[in-house]
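S.K.: Below, each chain spelled out in residue letters.
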Amino acid sequence: MEEKVLLKGNEIIGEAAIRSGCKLFFGYPITPSTEVIEYLSANLPGQGGTVLQAEDEIGAINMCYGAACTGSRVMTASSSPGVSLKQEGLSYSAAVELPMVIVNVNRCGPGLGGLGPAQSDYFQSVKGGGHGDYHLIVLAPSKAQELYDYTMQAFDLADQYRNPVMVLTDGYLGQTMEPVVLKERPPAQEWDRSWIVDGAEGREKRILASYSLTNEIGEANNLYWEAKYKEIQKKEQQWEEFHTEDADYLIVSYGTTGRISKSTVLNARKKGIKLGLIRPITLWPFPVNAFKPFLGKIKGIVTVELNTGQMIEDVKLAVNCGVPVELYRRQGGMLPTETEILEYIEEMIMKTDAKEVQA
Amino acid sequence: MNKVFSRSKGLTDVPFTFCPGCTHGIIMRLIAEVLEELDILEETIGVSPVGCAGFSQDFFTCDFVGAAHGRAQAVGTGIKRALPHRTVFTYQGDGDIAAIGTQHAVHVAARGEKITSIMVNNAIYGMTGGQMAPTTLTNMKTSTSPFGRDPQTMGFPMDFPKLLAGIPGAAYVASVSVDSPKNIKKTKDAIRKAFKVQQAGLGFSLVSVLSTCPTNWGLNPSESLKWLRENMMPIYEMGELKVSEEVEKL
Amino acid sequence: MMDKVIMAGFGGQGVMFLGKVLAYAGMNTDLELCWIPSYGPEMRGGTANCSVILADGEIYSHVIDQADAAIVLNKPAYDKFSSRVKPGGVLIVNASLAKIEKERDDITIVKIPATEIANEMGNPAIANMVCLGALLPSMNLIDYSTIEKAMDKLTSKRPQLLESNLTAIKKGMDFVASN
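The listed protein sequences correspond, in order, to chains D, B and C.
To convert, count from 1 in the first sequence and add 1; that's the numbering used here.
To convert, count from 1 in the second sequence and add 165; that's the numbering used here.
To convert, count from 1 in the third sequence and add 180; that's the numbering used here.
If you are wondering where the hints come from, they were derived from the structure by calculation, not from laboratory data.
Please note that a few of the clues may not be correct.
[As the list claims (entries may be wrong)] BS3-like, lysine-lysine: derived pairs with alpha carbons at most 25 Å apart:
id, chain 1, residue 1, chain 2, residue 2
1, D, LYS293, D, LYS231
2, C, LYS337, C, LYS351
3, C, LYS266, D, LYS271
4, D, LYS317, D, LYS298
5, C, LYS279, C, LYS260
6, D, LYS317, D, LYS236
7, C, LYS333, D, LYS184
8, D, LYS272, C, LYS266
9, D, LYS317, D, LYS275
10, B, LYS351, B, LYS414
11, D, LYS352, D, LYS272
12, D, LYS275, D, LYS356
13, D, LYS300, D, LYS272
14, C, LYS291, C, LYS260
15, C, LYS333, D, LYS5
16, C, LYS291, C, LYS350
17, D, LYS300, D, LYS236
18, C, LYS260, C, LYS282
19, B, LYS351, B, LYS306
20, D, LYS5, C, LYS337
21, B, LYS361, B, LYS391
22, B, LYS361, D, LYS206
23, B, LYS174, D, LYS206
24, D, LYS5, C, LYS329
[Stated by the list, open to error] Where chain D lies over chain B, by a calculated footprint (3+ residues, C-beta under 8 Å):
id, segment
25, 202-209
26, 217-229
27, 244-251
[What the hints assert, rightly or not] Now the in silico label distances, taken between C-beta atoms and shown as ranges:
id, chain 1, residue 1, chain 2, residue 2, range
28, C, ASP259, D, ASP249, 39 to 47 Å
29, C, ASP245, D, PHE124, 24 to 32 Å
30, C, MET301, D, GLN146, 56 to 64 Å
31, D, ARG163, B, THR293, 29 to 37 Å
For every residue, glycine included, the Cβ atom is placed at its ideal position computed from N, Cα and C.
Working from the sequences, and respecting the hints, build out all of it.
M.R.: Structure representation (structure tokens):
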């Protein structure tokens, strides 16, 4: 029977990792992600796994890099400043095409910032983050059950595409307790393992490295990675739609604000406003396909974000600037209420209608 | 006819690409021979760094992973923790291990991580063209200390193996040189011991090898060996710096 | 149907535990729920608060704008959270530690000398449970029997606490019934 548990969001990530067959976790404590390493420290060794508290975030990500080279399922978790330190290792991991899962429990601010929830690491997560041309696959849960489901999916996607996958969450989701059904997943598909490094026993030696001093080879490598990223963009876009069928206006929002926005949509509908929501689940690849059916049908889009307006750029690209796109945002660890989002949208609608009248 | 010397099975057919007189080739040959003699070539995974030592990944016949600058020991830790029964070694220059990678070196020692690190110390950044390293000697001229290393502003040369020897988890630390046949033999002995320490699961082992960089020192190969002997060996404490009780019993 | 409850007090007054009792009561009755602690710097400095949302359908927004009810265990908690109760809602005030002057007239305020009642029981630490008892009659989705089951689970490691906690809750309920 499927078990239902009540755990903190961060703990659920740890449980999902264990049930995904994650064998190694390397991390460094940082609020508000610390329950991930704490939960795994208490529970992973009993399942035959290893948890190592590294000297720093740089050490942790490079340990993940080493362990991933052996074909083991491996994870690290941190929060914004710590994830910044991991960027070098992530670039190398993407270049060597290593499957691994990185959890960023986003906190707010540049610099040391605060501990409140934020989405200010959107650019860092989806545009590369480290040096060079590469992408992480980025999944954005909005509630505890999704923390569980998407973490599991992250391990599968990482193996399937030989690519690091990030689960981007925030402190609010991480600290909140909600019931979660610990769904059993079918055993993960066996992917090609002919690339792993585990000792050249009865076979030719293998090298996993990203060094190339020949420009022609360098370009060939980049073209190869590019083709992989294009395939991921084609096949792996995920999003959720909420009351979009007849929508005049759309909210686009992910994670915590995606969830708050659902209440906004319901409240708007009570007032007769045809509002819908697109909640991106994959932030990279960004779900551009979600927008196609609405082009020419909707009057406006509002992105609701916990930053100065980052995802809005991808939304504008997705609609090719064919629809007015506005931003409602809170920052510095503050969360919007469903009511204030609706007030903003009502104001926006009044402006749009005024323009229509003028026209 | 009796064959008295042959290329180690631990080395590939790829010719060494090092500058004339560079001792990287000797050190790599010694490691390859030890891996062959211990019969662990098929179960060993090497980790290469950034810098001249980074080319090591092409020369050994065992599996290799290329690490970011300074991160070889963290990467080695990840491999070892995933495959505890495999032999893992890092091959790193002095800049890689003792400057940008210091934190990992200190902590693999503190954790007694069961890996072996070979540190090749030529007192300079070789690949990038002869910049000052943490191991650059006082008054030594490099491209970033063109008037000589002034300890008042640039710090003192660091005896890194000595530092690591003071950490409890470091089971075996040796400082050796490849300036003479006699010392080359000592180097091989130290490398063999370091790998045996790992095989026995006794903790972290490090062999620091004093090496030359004729190109960036501006000396010919034989002058370089002489310079190493006369200038580096008196500064850096030589010999076995740490032999834990368990290692003594090996 | 939903119950949105905010709880606040000094660190050590059992605010988080109070929230967990509600959360496990919801869990046992298959309700949807969120238990949301204050975290990070808010944990330091002696004040603590948490919120619980219980619902018989999916909980979308888990940010409480206006709560259905609040329990404030001291004066600073009253000052901070009394305005967060929606009109028509309920505010349980630990009158032993919070003397109220100007009070809202659009909500039901229950002033209960919880610490005094707890002291009479010989355990000042269970003032939180006395307040929970005072809140229970106003809850839509849970009642004493569901709380009893949750408490059984939460005190399984320290069964001696079960009886005293349940007694404290009953005293809170009695206070409301007789006032």
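S.K.: So which hints don't hold here, by number, going up?
M.R.: 17, 19, 21 and 30
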